[in-house]
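The listed protein sequences derive, respectively, from chains A and B. Add 9 to a position in the first sequence, counting from 1, and you land on the number used in our numbering. Anchor point for the second sequence: position 31 equals 19 in our numbering, and the numbering is continuous, going up by one each time.
Bear in mind the hints are in silico, worked out from the structure with no lab data behind them. A portion of the hints provided could be inaccurate.
[Stated by the list, open to error] Just the calculated beta-carbon pair ranges, DEER-fashion:
hint: 1; chain 1: B; residue 1: Ser23; chain 2: A; residue 2: Arg64; range: 31 to 41 Å
hint: 2; chain 1: B; residue 1: Glu49; chain 2: A; residue 2: Glu318; range: 21 to 31 Å
hint: 3; chain 1: B; residue 1: Glu69; chain 2: A; residue 2: Glu17; range: 45 to 55 Å
hint: 4; chain 1: B; residue 1: Lys53; chain 2: A; residue 2: Asp281; range: 22 to 32 Å
hint: 5; chain 1: B; residue 1: Asp21; chain 2: A; residue 2: Asn36; range: 25 to 35 Å
[Unchecked claim] Partner residues aside, some chain A positions facing chain B, computed with beta carbon under 10 Å:
hint: 6; residue: Gln24
hint: 7; residue: Asp33
hint: 8; residue: Gln38
hint: 9; residue: Ile41
hint: 10; residue: Lys56
hint: 11; residue: Asp68
hint: 12; residue: Phe72
hint: 13; residue: Leu101
[Said to hold, decoys possible] Subject to a maximum C-alpha distance of 30 Å in a straight line, what follows is the list of computed BS3-like cross-link-like pairs (lysine-lysine):
hint: 14; chain 1: A; residue 1: Lys177; chain 2: A; residue 2: Lys217
hint: 15; chain 1: B; residue 1: Lys52; chain 2: A; residue 2: Lys245
hint: 16; chain 1: B; residue 1: Lys52; chain 2: A; residue 2: Lys12
hint: 17; chain 1: A; residue 1: Lys56; chain 2: B; residue 2: Lys52
hint: 18; chain 1: A; residue 1: Lys78; chain 2: A; residue 2: Lys56
hint: 19; chain 1: B; residue 1: Lys65; chain 2: A; residue 2: Lys471
hint: 20; chain 1: A; residue 1: Lys100; chain 2: A; residue 2: Lys321
hint: 21; chain 1: A; residue 1: Lys484; chain 2: A; residue 2: Lys451
hint: 22; chain 1: B; residue 1: Lys63; chain 2: A; residue 2: Lys85
hint: 23; chain 1: B; residue 1: Lys63; chain 2: A; residue 2: Lys78
hint: 24; chain 1: A; residue 1: Lys78; chain 2: A; residue 2: Lys484
hint: 25; chain 1: A; residue 1: Lys471; chain 2: B; residue 2: Lys63
Note that beta-carbon positions come from the ideal geometry of N, C-alpha and C, so glycine has one too.
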Amino acid sequence: MSKFKDLESYVSAEQYNLLPFKFDRLNDQEYILTNMVGEFHIIPSQKLETIIGHRLTEDDSDFANLRAKHFIHLPKENAPVELLALKLRTKLARLANFTNLHLFVVTLRCDHSCPYCQVSRQSEDKAAFDMTEQTADKALDFVFRSPSPGIKIEFQGGEPLLNFEIVKYVVIQAEERNKIFNRDLHFVIATTLSLLTDEILEFCKAHKIVLSSSLDGPEELHNQNRPRPGKNSHQKFVEGLDRARLALGYDQVSALMTTTDKSLPQVKEIVDEYLRLGFHEIFLRALSPYGFAIKTKKFMSYDAERWLEFYKEGLDYIIELNKSGTRFVEQYASLILTKMLTPSDPGFVDLMNPSGAGIAAIVFNYDGAVYASDESRMLAEMGDKTFRLGHLAENTYEEIILSDALLDALENTFTLSVPMCSDCAFEPYCGADPVYHHAIHKDIVGRKPESAFCQRNMAIFKHLIGLMRSDPQVKQLFLRWANRC
Amino acid sequence: MTEHMQITFDEKSYNVEAIQKAAYRSLNIFTVDISITDGKINCLLQPNIGTSEAGFAHSVEEFKKDVLDQHLRIKLKAETEPIRNLILGIAFSNTGLQGGE
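Bound conformation, chain A alone (with noise of 0.2 Å):
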């Protein structure tokens, strides 16, 4: 006699029920499902029915998987709900923390005149465009009233090293403050990197500031994109990395790109610069509809579809290197994996829900002028001020967080409750991005149908399910890429 039962005896006698989920065609042969908190199934087109229909048998090749990603359960299991609930609060925590990124913009002055910049330039002597002390006071109290346990201060500009003095008062004011806040406090710069001198190193250096810098790619490029006087913007990006590494340590500076038309044929020759300069990641980014690209027609110079071309062949190159042994990561990409394959959210701004204008992030203007994001307050400088929440001198905490131009932004770009989004099965990987659909759209909402916000991330959802599908060595460096310390 065996120990064991049969196979059979384990078979449930009982039918199936569902569990909340979401499904799309992702292409003519299969959908896609996802449940609640992102977790996802494919399976081929004519098994949807017998799914939702209740029909499906136990010995079906799909039945385990659906029962293991909590898509149906048995009517006795109590656990499926239970963890789904549990990812849940996982997926959401970070909310309760609220703000973590206050951004100083500490002088809309700089030494460039990049053609896309995303805010109004101002020569270098007009100091009517810097942050006062008053005003950088006001800032601090705002900060010191999040409840969120970690504190992020970036400082921006313009160039923020041109005034920097008010960066050393902040951290300073700051650093004292947090005698009694005891909060986990970082600080940010974001800089060309060439104004660096010496003493803002010595500064950076006992203060732990990372810099965050700028590097669209080869030199040629880099300095079409970000002309200053001189033209040796990218020779004193260089310059400024190898002292900051130096002073810093090596892996304190990083850097962002932007992608203008000129940088469409040359992916390639982008991420070989970032490797040649010693990056291990690149963030390839589209253009942002705002301030200067806007005026001076930069962003239309390439539609989603042409932008997606670029991302797709950069991305494949990345894959490329990786396999070959070179470690490179792509950061949307890592952010989205994270979204898809873990319980966590990496909490950035564009891909949350609800969206983190004003709650993941905040911004202060050099006037005093607070918003809800950098885009926002890129917005403003361009005479739309539909997401300025308030003034430092004038509003109360309470107001500002309060105030209806933060409520119904929020309110009403909720994912869950738009338009083809709370139907759409990648919402869990998607976000609300109210100000980038009042900008494009004059409609915080937005019709989703003819958005290149939701065309360029639908894309880039289904690339990465196709790569991770098509080759399991891909599969296992996403999986890195999602789990990243």
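Based on these hints, arrange chain B on the given structure of chain A.
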């Protein structure tokens, strides 16, 4: 100029909400006028200015598939609503976010 197209659905088999949702998904290619007469849901599909004939024909096919998808979505959503609310209830219980605690 691309011609418009008329499609008719039987009201007994199709849900108007499903057709409206499918029409929304296609609004970048064509607009849909929906009317109901004698148990028939009539859809007049009018291509947007600049839509090619091939693009319109492809999108009409997609629209028909979308109607079926939306029909299933409505069914699935209605059936799983109680358990979705239960999951949300458990997820947000004891978070201190509820009023009156």
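**List of violated hint numbers, smallest to largest** = Structure breaks hints 3, 4, 6, 8, 9, 10, 11, 12, 15, 16 and 21.
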